[in-house]
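Asker: Throw the hints in and build the complete structure from the sequences for me.
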Amino acid sequence: MSSEGVAVDFGPPMEVMIDAGLAENFARETGVALEGDAAPIAYPAVWLAQPRLRDRIAQICAEADALPVHESQRFAYAAPLRQGVCYRLAVTARREVEPSRLVLDATLTDPEGAAVGRVETVLRLVSRADLPKKGDA
Amino acid sequence: MNEATALPQVGERLPPLEIGPFDALALARYAEVSGDDNPLHLDDALALSVGFTAPPVHGMKLLAAFEALLKSWRSDLAIASLGGTFVQPVLRGEKATLTGRVLRASEADGVFVRLYAHGPGRAPAIIADATLRPGRPGSEGP
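Sequence order for the protein chains is A and B. FYI, the numbering for the first sequence is 1 to 137, going by the working numbering. FYI, the numbering for the second sequence is 138 to 279, going by the working numbering.
Keep in mind the hints are simulated off the structure, nothing from the lab. All values reported here derive from a predicted model rather than from experimental measurement. Even glycine gets a Cβ: it sits at the ideal position worked out from N, Cα and C. A couple of the hints might just be wrong.
Chain B side only, calculated, beta carbon under 8 Å to chain A, not exhaustive [what the hints assert, rightly or not]:
no.	residue
1	Arg166
2	Met197
3	Lys208
4	Gly221
5	Thr222
SDA-like mimics (lysine to any residue), calculated; alpha carbons at most 25 Å apart, straight line [claimed, not checked]:
no.	chain 1	residue 1	chain 2	residue 2
6	B	Lys232	A	Ala33
7	B	Lys208	A	Glu120
8	B	Lys208	A	Val85
9	B	Lys208	B	Leu144
10	B	Lys208	B	Ala242
11	B	Lys232	A	Glu24
12	B	Lys232	B	Ser186
13	B	Lys208	A	Gly21
14	B	Lys208	A	Gln83
15	B	Lys208	B	Thr234
16	B	Lys208	A	Glu35
17	B	Lys232	B	Asp174
18	B	Lys208	A	Ala33
19	B	Lys232	B	Leu162
20	B	Lys208	A	Leu34
21	B	Lys232	A	Leu34
22	B	Lys232	B	Arg259
23	B	Lys208	A	Ala20
24	B	Lys208	B	Gly148
25	B	Lys208	A	Trp47
26	B	Lys232	B	Val187
27	B	Lys208	A	Asn25
28	B	Lys232	A	Val69
29	B	Lys232	B	Ile264
30	B	Lys208	A	Gly84
31	B	Lys208	A	Arg118
Answerer: In structure tokens form, the structure reads like this:
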């Protein structure tokens, strides 16, 4: 495996939308005050927790006999996120070794295909064998 | 860029924001809202089994709270990016303090802010950064 990692298939792009109620709840739980039809900066975290992506991550972790630990996260936007807009979310991923990581790179485009944002998620894959056991010093 | 918006001075410190402590109910609510129901954040026994004295707060919950810090400081700036590295966990029942400092500010590149979340430990829990641009959220940034 190269230092750049090996591409991992995360399936075709999917359509996503910001749910007004969920945006409000997400904002409340993260202490953010929303204005108008805006969405919290970190709202795309909700999309990354969707079953299709979660199941794929779980599969990769199982194959590695590892637990995913959220190492870093980045959101970058070229345009505002809006409630009620149907976006296209395309996820590419790569598997790295030394250290063992899964890096997800999600790009968000609007209905006209214009770039809206990019979300990078880095998961450190911690081998279950390396986890401290209860009672360890 | 909006010429009417005065850029902050390099070196300016953001007013700190204290968040938490978060109890089990708060972590359960975040898990439900975000979809991140990783049992490590919710299950005492699992957290203990991997060496924590209590379940860690979701890192994303803490990172997302930087938006509140940034907006309370300069609501006239739009957040164009926010990212961070999770260095060490903040555990259930612990408070965290969010701080920030302006490292760069220019009309061309916007305002770059270094951000930290500190729990009770000596090392930061999160080392983060954000880029902001003149214009209220929704006009130029998200």
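Asker: It remains to establish, for every hint, whether it holds in the given structure.
Answerer: Going down the list of hints, with the structure as the test:
1. Arg166: OK, holds: Arg166 of chain B within 8 Å of chain A, min 6 Å.
2. Met197: Holds. Min distance 5 Å.
3. Lys208: holds, 7 Å
4. Gly221: Since chain A brings a Cβ to about 6 Å from Gly221 of chain B, closer than 8 Å, the hint holds.
5. Thr222: holds, 4 Å
6. B:Lys232 <-> A:Ala33: holds, 20 Å
7. B:Lys208 <-> A:Glu120: holds, 23 Å
8. B:Lys208 <-> A:Val85: holds, 23 Å
9. B:Lys208 <-> B:Leu144: Status holds; Cα separation ~15 Å.
10. B:Lys208 <-> B:Ala242: holds, 17 Å
11. B:Lys232 <-> A:Glu24: The given pair, whose Cα atoms are some 23 Å apart, holds under the 25 Å limit.
12. B:Lys232 <-> B:Ser186: Roughly 23 Å separates the two Cα atoms, so the pair holds.
13. B:Lys208 <-> A:Gly21: holds, 21 Å
14. B:Lys208 <-> A:Gln83: This hinted pair holds, its Cα atoms lying about 19 Å apart.
15. B:Lys208 <-> B:Thr234: With a Cα-Cα distance of about 16 Å, the restraint between Lys208 of chain B and Thr234 of chain B holds, given a limit of 25 Å.
16. B:Lys208 <-> A:Glu35: Holds, at roughly 11 Å.
17. B:Lys232 <-> B:Asp174: holds, 21 Å
18. B:Lys208 <-> A:Ala33: Holds, at about 8 Å.
19. B:Lys232 <-> B:Leu162: holds, 15 Å
20. B:Lys208 <-> A:Leu34: holds, 10 Å
21. B:Lys232 <-> A:Leu34: holds, 23 Å
22. B:Lys232 <-> B:Arg259: Holds, because 13 Å separates the two Cα atoms, which is no more than 25 Å.
23. B:Lys208 <-> A:Ala20: At roughly 20 Å apart (the allowed maximum being 25 Å), Ala20 of chain A and Lys208 of chain B satisfy the hint.
24. B:Lys208 <-> B:Gly148: Judged against 25 Å, a Cα distance of about 18 Å means the pair holds.
25. B:Lys208 <-> A:Trp47: Satisfied, since the Cα-Cα distance of roughly 24 Å is no more than 25 Å.
26. B:Lys232 <-> B:Val187: Holds, at about 22 Å.
27. B:Lys208 <-> A:Asn25: Holds. Lys208 of chain B to Asn25 of chain A sits at ~18 Å (cutoff 25 Å).
28. B:Lys232 <-> A:Val69: holds, 21 Å
29. B:Lys232 <-> B:Ile264: Judged against 25 Å, a Cα distance of about 16 Å means the pair holds.
30. B:Lys208 <-> A:Gly84: Given that 25 Å is the threshold and the Cα spacing comes to 23 Å, the pair holds.
31. B:Lys208 <-> A:Arg118: At roughly 21 Å apart (the allowed maximum being 25 Å), Arg118 of chain A and Lys208 of chain B satisfy the hint.
No hint from the list above goes unmet by this structure.
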